[in-house]
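*Asks:* Quick mapping for you: the protein sequence lines, in order, are chains A and B.
Counting along the first sequence from 1, when you hit position 113 you're at 112 in numbering that gives the first Met the number 0, and nothing is skipped either side.
Counting along the second sequence from 1, when you hit position 155 you're at 154 in numbering that gives the first Met the number 0, and nothing is skipped either side.
Some hints here could point you the wrong way.
Covered stretches of chain A, as calculated for chain B (at least 3 residues, CB under 8 Å) [to be verified]:
#1 191-197
#2 212-218
Computed from the model, here is a short list of chain B residues facing chain A with C-beta under 7 Å [said to hold, decoys possible]:
#3 LEU38
#4 ARG41
#5 GLU42
#6 PRO45
#7 GLU67
#8 THR73
#9 LEU137
#10 TRP139
#11 LEU144
#12 VAL147
#13 TYR148
Simulated from the structure, these hints should not be mistaken for laboratory data.
Quick caveat, the model's predicted, so the values are computed rather than measured.
The beta-carbon is built from N, C-alpha and C at its ideal position, and this holds for glycine as well.
Letter by letter, the chains look like this.
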Amino acid sequence: MPPSAELEAPPTGAMAPAPYRVCRRQRETSDTWTLTLEPLAGEGIAPEPGQFTMLYVFGVGEIPISVSGTEGGRLVHTVRAVGAVSAAICAAKRDAVLGVRGPFGTVWPLREAAGRDVVVVAGGVGLAPLRTAVRTLERGRGDYGAVTLLYGGRTSGDLLFRSELEQWRRRGMLAVDVTVDAAQSDWKGRVGVVPKLIKGANLDSDSAMALVCGPEIMMKFSVTALLDRGVAPERIHLSMERNMRCAIGHCGHCQLGSTLVCRDGPVYSYDRLAELIAVREL
Amino acid sequence: MTTVAELLADAPFFAGLRPPTIELIAGCGSNVQFEPGALIFREGAPADAFYLLRHGTVSIEAHSPTREPLVIETLEAGDVLGWSWLFTPHRWHFDARALTAVRATSFDGICLRGKCEADPALGYELVSRFAQTLIERLQWTRLRLLDVYGHAAQR
């Protein structure tokens with residue numbers, strides 16, 4: 000750890016959760032919910048695309064959750080119920096109060112992507128941390144080259160934000176390709192894994208930027224496909240997941256090699272990650 | 000009108016083949032079309048062709064008497080459909096159905112197998128290319144077997 004980081008003080012209030020009220024709750028899939036939260040006091044926080052917050056269910060526990068949207072001072076989180084805390088978040092009713100710390104972490108490099116083709120590769124709930132990036136890319140469409148979203152899920156019933164995916168597709172500002180691992184005859188879209196779509200994506204490999212989020216194995220295959228297309232490692236950006244606890248780089252639970260995911264990530268460029276993720280059990 | 004040989008010369012699957020080899024393969028090819036919903040081949044039937052897709056989408060389907068057809072994979076323009084023509088027992092393992100209007104170049108497998116037996120260099124070229132496609136699809140299948148979207152990941 001560099002000396003400057005050791006001495007760096009956490010942001011004021013970074014360890015004290017602020018109370019937020021659940022003002023909207025929407026089911027995405029059988030086990031995934033999107034919650035909109037508004038601050039009980041003050042104007043709230045303004046996370047940038049790629050950042051996460053620590054969500055605290057009082058009496059249950061606290062976990063890191065990526066931000067899937069912002070609406071003024073309101074925060075939008077999309078959560079899959081996979082453990083005690085995430086299940087409690089998903090079960091939180093309207094007007095329930097949750098604690099929020101943050102925002103934390105690095106951001107998707109959308110400014111650096113200006114003037115370039117951008118390919119966004121998402122798998123499963125990995126679309127949640129990318130949704131704000133896709134919205135930004137669509138809003139600033141003229142600032143970028145070709146913009147492509149490649150999204151994969153297990154089945155059509157497991158896809159997030161289906162109506163928004165359809166809106167993105169209909170508005171035609173970005174190319175949207177969705178694929179599922181398996182389907183029955185009612186699914187009229189593609190069937191196959193999402194890295195397979197990279198081969199046919201519209202991108203200038205000499206300058207294109209890639210933003211990737213999903214299960215690590217899916218990201219690994221996606222990186223291989225992007226490298227095969229000639230996209231340079233430093234232009235491939237991944238959002239990593241580790242066991243973030245303090246979120247301010249003090250506790251070390253989310254250590255990944257010489258980095259701490261909560262502080263140095265979650266968004267990393269692949270040239271930084273390549274050696275780290277090759278290490279087994281790291 | 001574009002000839003089959005010209006179509007082959009532009010297809011990545013046949014990239015790098017010398018013109019005489021292209022002509023040899025093109026001699027077994029013809030252009031075909033399928034309406035949306037049309038069955039291109041059926042599981043268990045003799046596999047006597049393969050297809051180079053030029054337009055449209057094709058689904059590969061598995062059938063079971065007790066459930067709806069399961070779509071295993073979709074293939075699109077540029078993809079090659081069917082390898083069972085090349086390997087014994089020369090029978091299709093799955094159904095293939097046109098999901099949209101499909102235009103393709105169809106290659107007569109019996110014709111090509113005959114040419115491969117007469118010309119081992121041609122046989123090597125074709126087996127190498129189909130093996131590459133098989134490896135790619137095997138890798139994607141392995142990725143799916145991992146069920147990466149299961150309950151392991153949540154941020």
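*Asks:* Flag every earlier hint the structure violates by its number, smallest first.
*Replies:* As far as the earlier hints go, 3, 4, 5, 6, 9 and 11 are violated by this structure, in ascending order.
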